[in-house]
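A.B. asks: Sequence order for the protein chains is L and E.
Sequential numbering of the first sequence, starting at 121, is according to the working numbering.
Sequential numbering of the second sequence, starting at 17, is according to the working numbering.
Please note: incorrect hints may appear among the correct ones.
[Stated by the list, open to error] DSSO-like mimics (lysine-lysine), calculated; alpha carbons at most 30 angstroms apart, straight line:
#: 1; chain 1: E; residue 1: K33; chain 2: E; residue 2: K210
#: 2; chain 1: E; residue 1: K223; chain 2: E; residue 2: K98
#: 3; chain 1: E; residue 1: K223; chain 2: L; residue 2: K363
#: 4; chain 1: L; residue 1: K257; chain 2: E; residue 2: K80
#: 5; chain 1: E; residue 1: K33; chain 2: E; residue 2: K53
#: 6; chain 1: E; residue 1: K162; chain 2: E; residue 2: K210
#: 7; chain 1: L; residue 1: K339; chain 2: E; residue 2: K141
#: 8; chain 1: E; residue 1: K111; chain 2: E; residue 2: K217
#: 9; chain 1: E; residue 1: K33; chain 2: E; residue 2: K217
#: 10; chain 1: E; residue 1: K210; chain 2: E; residue 2: K80
#: 11; chain 1: E; residue 1: K140; chain 2: L; residue 2: K339
#: 12; chain 1: E; residue 1: K98; chain 2: E; residue 2: K53
#: 13; chain 1: L; residue 1: K363; chain 2: E; residue 2: K53
#: 14; chain 1: L; residue 1: K363; chain 2: E; residue 2: K140
#: 15; chain 1: E; residue 1: K53; chain 2: L; residue 2: K339
#: 16; chain 1: E; residue 1: K140; chain 2: L; residue 2: K337
#: 17; chain 1: L; residue 1: K257; chain 2: E; residue 2: K111
#: 18; chain 1: E; residue 1: K210; chain 2: L; residue 2: K363
#: 19; chain 1: E; residue 1: K40; chain 2: L; residue 2: K337
#: 20; chain 1: E; residue 1: K33; chain 2: E; residue 2: K111
#: 21; chain 1: L; residue 1: K339; chain 2: E; residue 2: K80
#: 22; chain 1: E; residue 1: K162; chain 2: L; residue 2: K339
#: 23; chain 1: L; residue 1: K337; chain 2: E; residue 2: K217
#: 24; chain 1: E; residue 1: K111; chain 2: E; residue 2: K140
#: 25; chain 1: E; residue 1: K210; chain 2: E; residue 2: K223
#: 26; chain 1: E; residue 1: K255; chain 2: E; residue 2: K217
#: 27; chain 1: E; residue 1: K255; chain 2: L; residue 2: K337
#: 28; chain 1: E; residue 1: K40; chain 2: E; residue 2: K53
Treat the hints as calculated values from the structure; they're not laboratory data.
Model, not experiment: these values are computed from the prediction.
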Amino acid sequence: MTTQANPDASTHTVVRDERVKERNRLQRLMIRPEVGAAIGAILIFVLFLVVAEPFREASSLATVLYASSTIGIMACGVAMLMIGGEFDLSTGVAVTFSSLAASMLAYNLHLNLWAGAALALVLALGVGFFNGFLVMKTRIPSFLITLSTFFMLAGINLAVTKLVAGQVATQSVSDMQGWDSAQKVFASSFTIGNVSIRITVVWWLVFTAIATYVLFKTKIGNWIFAVGGDAEAARAVGVPVTKVKIGLFMFVGFCAWFVGMHLLFAFNTVQSGQGVGNEFFYIIAAVIGGCLLTGGYGTAIGAAIGAFIFGMTNQGIVYAGWDPDWFKFFLGAMLLFAVIANNAFRNYAAKK
Amino acid sequence: MTISVEKPSSDAQSGGKVPLVELKNIGKSYGNITALKDICLRVHAGEVTGILGDNGAGKSTLIKIIAGLHQQSEGELLVDGKPTTFGSPAEALGKGIATVYQNLAVVPLMPVWRNFFLGQELRKKTFPFSLDANAMRATTLSELSKMGIDLPDVDVPIGSLSGGQKQCVAIARAVFFGARVLILDEPTAALGVKQSGVVLKYITAAKEAGFGVVFITHNPHHAHLVGDHFVLLNRGRQKLDCTYDDITLEHLTQEMAGGDELEALSHELRSGKD
Numbered sequence: 121m122t123t124q125a126n127p128d129a130s131t132h133t134v135v136r137d138e139r140v141k142e143r144n145r146l147q148r149l150m151i152r153p154e155v156g157a158a159i160g161a162i163l164i165f166v167l168f169l170v171v172a173e174p175f176r177e178a179s180s181l182a183t184v185l186y187a188s189s190t191i192g193i194m195a196c197g198v199a200m201l202m203i204g205g206e207f208d209l210s211t212g213v214a215v216t217f218s219s220l221a222a223s224m225l226a227y228n229l230h231l232n233l234w235a236g237a238a239l240a241l242v243l244a245l246g247v248g249f250f251n252g253f254l255v256m257k258t259r260i261p262s263f264l265i266t267l268s269t270f271f272m273l274a275g276i277n278l279a280v281t282k283l284v285a286g287q288v289a290t291q292s293v294s295d296m297q298g299w300d301s302a303q304k305v306f307a308s309s310f311t312i313g314n315v316s317i318r319i320t321v322v323w324w325l326v327f328t329a330i331a332t333y334v335l336f337k338t339k340i341g342n343w344i345f346a347v348g349g350d351a352e353a354a355r356a357v358g359v360p361v362t363k364v365k366i367g368l369f370m371f372v373g374f375c376a377w378f379v380g381m382h383l384l385f386a387f388n389t390v391q392s393g394q395g396v397g398n399e400f401f402y403i404i405a406a407v408i409g410g411c412l413l414t415g416g417y418g419t420a421i422g423a424a425i426g427a428f429i430f431g432m433t434n435q436g437i438v439y440a441g442w443d444p445d446w447f448k449f450f451l452g453a454m455l456l457f458a459v460i461a462n463n464a465f466r467n468y469a470a471k472k
Numbered sequence: 017m018t019i020s021v022e023k024p025s026s027d028a029q030s031g032g033k034v035p036l037v038e039l040k041n042i043g044k045s046y047g048n049i050t051a052l053k054d055i056c057l058r059v060h061a062g063e064v065t066g067i068l069g070d071n072g073a074g075k076s077t078l079i080k081i082i083a084g085l086h087q088q089s090e091g092e093l094l095v096d097g098k099p100t101t102f103g104s105p106a107e108a109l110g111k112g113i114a115t116v117y118q119n120l121a122v123v124p125l126m127p128v129w130r131n132f133f134l135g136q137e138l139r140k141k142t143f144p145f146s147l148d149a150n151a152m153r154a155t156t157l158s159e160l161s162k163m164g165i166d167l168p169d170v171d172v173p174i175g176s177l178s179g180g181q182k183q184c185v186a187i188a189r190a191v192f193f194g195a196r197v198l199i200l201d202e203p204t205a206a207l208g209v210k211q212s213g214v215v216l217k218y219i220t221a222a223k224e225a226g227f228g229v230v231f232i233t234h235n236p237h238h239a240h241l242v243g244d245h246f247v248l249l250n251r252g253r254q255k256l257d258c259t260y261d262d263i264t265l266e267h268l269t270q271e272m273a274g275g276d277e278l279e280a281l282s283h284e285l286r287s288g289k290d
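Generate the whole structure from the sequences, applying the supplied hints.
C.D. replies: Rendered as structure tokens:
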């Protein structure tokens, strides 16, 4: 770390004591933030196993996982941001923004699709930086800043697409250079046994694993919890609060870009109006997974479980033959239940 | 500690040594409100400087300037004799000035050991340089037991500890990370008698170990027990600047309580009761 000239712990007595390890693993497991979500996920899984016969097939699980993964990759970034004490409402349209940008830049400038994707990444990170910079500079709550960004991006998506492409969707880019390799990375499938699994499922797990590692095993992770838990205290002990928070917004931008690339290479053309409303799904996944809206608490695994619950409910209702119109009702009811349950769990954890 | 080649400073007690931290005519105003004016203060290694003052006297503003949270509007801040302005608390920390705030600058939801090492985490020496959680746990435990705090589990959120325990974690943290100057903002304010004693003993130990300690308090008894040097603030002005030998506890208490005002008050109350 460059901000601190000396306080170097290596010059001091660092005690290593093998007896001092985590104790009482079961109890520690019980008070983890995602335990409520895990129990909920098992209950919902069993429910659909019982009521929906098609749900029991392996291919259905693959479909559920796919639905979970596109929410889960984004929810991973959103959860990190929420642990860092901030909020992003522009994620849903930021996904569309990224895929539109990649597609139109590559198409109109006759670039390799990878070059288009790289430019889109710069833009997506730029949007994240813009959000973070404004939140930190103005000290206006991120809810309001990103609400503004949400509308601005939604407007840009529609207006610029119409201006450039002359219609509400982008042109086909599947015959352009770089399509095949990019599709392999962002939107391919592979088979295990005779079940076809989308590559995003793997990416989802990779994102979650890396985020978990960063949160609990690195300095940055420690700082993320600290800036979310008490930004002033974190600043007082030398944590670069502004950089951490702007970095988190940019990570959300990166996740949005990644999901955006998946959409582009999975569907070839991108509808400029899509993505509106998805930001709530990401937030719901993170909150169901145990993230506190006030920051400083939560896990990436929790967000992944939250996304899995989302995917199960989304597909399970169809498999059960229920009217899919009920999906949002269930989602809302689950969110309410999760928030109350997580609150109870956290109070229990605080007493331990 | 370097010997100054210039003429001896006006502070007789320092014997010509350069103070770790020195304030010269420091002033601070917020808009048209003057919070501090003409504050002079020296902090030497191996000395406890007690800063006393009633609520609103400007104690907090003063430590925020030394700690790097605010910048002075006038006057000079010297560290090791060199004029300095701190842009951030990290810069002050880098110069060895550590502050233990009244609110302790801890993140309540985080475990004790994560708070202890926050901002200066230990990492393993080998790739991928993960946090060395076990070393941090063990170090936290042993540093705390030196303070006489025996926590069964350093994985509990720090918010669940008592005020005295939190205070000790915060002081132990500053000491462990090589502070030369320790600024303690009302460390005994929220503590019981016994735990105050622990903290006061620790202040004396820190002083004997060569730390410069700035002890902010509104309790003259606590200040007189450990202080070598007293500065009394009143409404943003320096009212008193003297050494331990110059002042008795009674005098300090009286000055602190408002001096003549207190006598008048006492007279008024007593005669009212009779």
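A.B. asks: Decide, hint by hint, whether the structure agrees.
C.D. replies: These are the hints, each one checked on the structure:
Using a Cα cut-off of 30 angstroms, the hinted pair E:K33 and E:K210 is violated, with the two alpha carbons roughly 36 angstroms apart. Distance restraint check for E:K223 and E:K98: the Cα-Cα separation of roughly 23 angstroms lies within the 30 angstroms cut-off, and the hinted pair is therefore satisfied. Proximity of E:K223 to L:K363 is assessed by CA-CA distance (about 36 angstroms); at most 30 angstroms being required, the pair is judged violated. Annotation: proposed proximity of L:K257 to E:K80 holds, straight-line Cα distance about 21 angstroms (limit 30 angstroms).
Taking the CA atoms of E:K33 and E:K53, the gap is near 26 angstroms; set against the 30 angstroms cutoff, the hint holds. Pair hint E:K162 plus E:K210 holds up; C-alpha atoms about 16 angstroms apart against a cutoff of 30 angstroms. At most 30 angstroms may separate the alpha-carbon atoms for a hinted pair to count; L:K339 and E:K141 meet this at roughly 14 angstroms. Simply put, E:K111 and E:K217 have alpha-carbon atoms about 25 angstroms apart, close enough for the 30 angstroms limit, and the pair holds.
The suggested pairing of E:K33 with E:K217 holds, with an alpha-carbon distance near 26 angstroms, which does not exceed 30 angstroms. Only pairs whose Cα atoms come within 30 angstroms are accepted, and E:K210 paired with E:K80 is accepted, the gap being roughly 29 angstroms. For the suggested pair E:K140 and L:K339, the alpha carbons sit about 11 angstroms apart, so the restraint of at most 30 angstroms is met. Only pairs whose Cα atoms come within 30 angstroms are accepted, and E:K98 paired with E:K53 is accepted, the gap being roughly 21 angstroms.
Between L:K363 and E:K53 the alpha-carbon distance is near 35 angstroms, which puts this suggested pair outside the 30 angstroms criterion. Taken as a hint, the L:K363 and E:K140 pair is honoured in the structure, with Cα atoms around 24 angstroms apart against an allowance of 30 angstroms. Straight-line distance between C-alpha atoms of E:K53 and L:K339 comes to about 40 angstroms, which puts the hinted pair past the 30 angstroms bound. With a C-alpha separation of about 10 angstroms, the suggested pair E:K140 and L:K337 falls inside the 30 angstroms cut-off, and the hint holds.
As the CA atoms of L:K257 and E:K111 are separated by approximately 27 angstroms, the hinted pair is consistent with the 30 angstroms bound. For a cut-off of 30 angstroms, the pair hint linking E:K210 to L:K363 is broken: about 42 angstroms separates their Cα positions. This hinted pair does not check out: E:K40 and L:K337 have alpha carbons roughly 45 angstroms apart, beyond 30 angstroms. The hinted pair formed by E:K33 and E:K111 meets the criterion: a straight-line CA distance of about 18 angstroms does not exceed 30 angstroms.
Between L:K339 and E:K80 the alpha-carbon distance is near 26 angstroms, which keeps this suggested pair within the 30 angstroms criterion. With a C-alpha separation of about 26 angstroms, the suggested pair E:K162 and L:K339 falls inside the 30 angstroms cut-off, and the hint holds. The straight-line distance between the Cα atoms of L:K337 and E:K217 is roughly 36 angstroms, outside the 30 angstroms bound, and the hint therefore fails. Between E:K111 and E:K140 the CA atoms are separated by roughly 26 angstroms; this keeps the pair inside 30 angstroms, and the hint holds.
Restraint check for E:K210 and E:K223: satisfied, since their Cα atoms lie roughly 20 angstroms apart, inside the 30 angstroms limit. Only pairs whose Cα atoms come within 30 angstroms are accepted, and E:K255 paired with E:K217 is accepted, the gap being roughly 28 angstroms. Restraint check for E:K255 and L:K337: not satisfied, since their Cα atoms lie roughly 51 angstroms apart, outside the 30 angstroms limit. The straight-line distance between the Cα atoms of E:K40 and E:K53 is roughly 10 angstroms, inside the 30 angstroms bound, and the hint therefore holds.
The structure fails hints 1, 3, 13, 15, 18, 19, 23 and 27 (numbered hints given earlier, in ascending order).
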